[in-house]
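*Asks:* With chain A's structure known, arrange chain B on it following the hints.
Protein sequences, first through last, are from chains A and B.
Residues in the first sequence are numbered consecutively from 1, following my numbering.
Residues in the second sequence are numbered consecutively from 1001, following my numbering.
Derived from the structure by calculation, the hints contain no laboratory data.
One thing to keep in mind: the hints can contain errors.
Per label pair, the in silico range of CB-to-CB distance [to be verified]:
(1) P87(A) <-> Q1004(B): 18 to 26 Å
(2) S7(A) <-> G1104(B): 51 to 59 Å
(3) R179(A) <-> T1138(B): 19 to 27 Å
(4) H118(A) <-> E1111(B): 55 to 63 Å
(5) G1104(B) <-> E12(A): 45 to 53 Å
The beta-carbon is built from N, C-alpha and C at its ideal position, and this holds for glycine as well.
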Amino acid sequence: MSLPDISELLPECVDTPEAMRIMRFLQFHDRKLSNSTKLTLYGSAAVSLYLADSDNYNYGYTNDIDIGRMEPESVELSVDEDAVDPPLKFQPFGLENWLVHPDWELATVDFSPILNLHYLRVELLHPIDLVITKLGRGSSQDIEDSLLLRRRYISGTTAHVADRTRCAWNYRPVSKRERRTVEDAFESVFEEPLELE
Amino acid sequence: MTRQVTDEDMARFAALGYPAQVRASSELDATSLVESLRHVLESPSARLLKAAALSVRWLANHDALDLVQEVYLSPEATRRLGFVAEKLAQKNSLDDAARHRLRGFAADLHEPSMTEGSALTFSAAVTDTYLEKLRGETDETSQRWQVFAELD
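So here's chain B without its partners, still in its complex pose:
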């Protein structure tokens, strides 16, 4: 399966406001896409959540999730990645093979002890009140990863 990012892919990323390191790249490939995803997972912003999800979706569709496993992610970024992967695995809009890969990928990432830390969001700024509101709209996936964000 080709791992080349097409112009059509680029247009989708652009529409979601992906940051400079992706959009300014003249030779965007799966590796640089993973690097951008890593950057967003480590320094999240609400504006880029959909773009991050699209990256993970692209990697799943192209059977390239192994590339993410080759880069270092902090425990917090790993939880955000697991949250996104598990959310995407529930989407009927993905084909069965991609959903299967995402389920396995999320299962490999998850460790019971990883959620002992504080709750995470996908935002560059948060207040206790806002976090409580997000927690009030939570689902099983959010609970498992202790990541609270609106990704539907």
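Bound-form chain A, shown alone:
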């Protein structure tokens, strides 16, 4: 299942304080690299970058950047000890414990051009896959993030989002007790019911 091309919808600049902070952190690491390295990001850092030009959005600061995948894996990402308050750090946990479609790696979005990077290629989980990870948790923050991403990046029918969410659920059910969480979160965001098996 292919996901919609969203390249025309991406921010053309980085305006929000949080996105600028993340960009500076990535540029810091970019300057330390001498070979190409690819990072795939998810979590709140990815949301902040997707909304990097939403200057009226009062987004809080995150403390870490979630990495879904890094290539090559052997690259050591040091801490920016000179960073201005507050410091950021990478969180290389991967997506094993998240609700996510098995083919998420085939649909990532290249965000590097906007960030002015040389060696670091930064990709983000596609907004639809990012929303699905958020549905898996279903907190008020996750629903807010999902609504903001939906408003900008997911238009028209949401049947394909429902199908992809079901596929993610069948592939890796987070836990049976979280089924209701996912269904409720989906309905809150997309205003349509979702039934998981």
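*Replies:* Just chain B now, with coordinates in the frame of chain A:
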């Protein structure tokens, strides 16, 4: 009572993701904290609800709630503030003096006619379905202020 924001306070705010105007401030004091709180109350986001609550708690603990009364808040922001203050006043983790101040503060803010407008959330985006779900989990404080958010 000193109204100086300590490094320990700052660390708590930082852990909750408080926005730039607080965290980038080298001379954070109660006044700048109130300004940040005002900003969050006027342009709420779910991510910053706990940080806003921590601000109100800090102001109550330092007997500085009067500083909030000196800044202009829209009717919507006032309702959000009242909701947070009343919720905090119910928490046993605060000392009696702070809870007493919060109760009085919330009572001063409340006017019966203020909730005639639409229901409010503490989110930058909401759908009717989501609002209905939040309303379904409501309590007396939410009803009084017509503000629906998860703050426990």
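*Asks:* Take the hints in turn and mark each one as holding or not.
*Replies:* Structure-based check of all given hints:
Taken as a hint, the range 18 to 26 Å holds for the pair P87(A) and Q1004(B), whose Cβ atoms sit roughly 23 Å apart. At about 55 Å, the CB distance of S7(A) to G1104(B) agrees with the hint of 51 to 59 Å. Between R179(A) and T1138(B) the Cβ separation comes to about 24 Å, which falls inside the hinted range of 19 to 27 Å. For H118(A) and E1111(B), the hinted distance range of 55 to 63 Å is satisfied, since their beta carbons lie about 58 Å from each other.
The given range of 45 to 53 Å is respected by G1104(B) and E12(A), whose C-beta atoms sit roughly 50 Å from each other.
Checked against the numbered hints above, the structure violates none of them.
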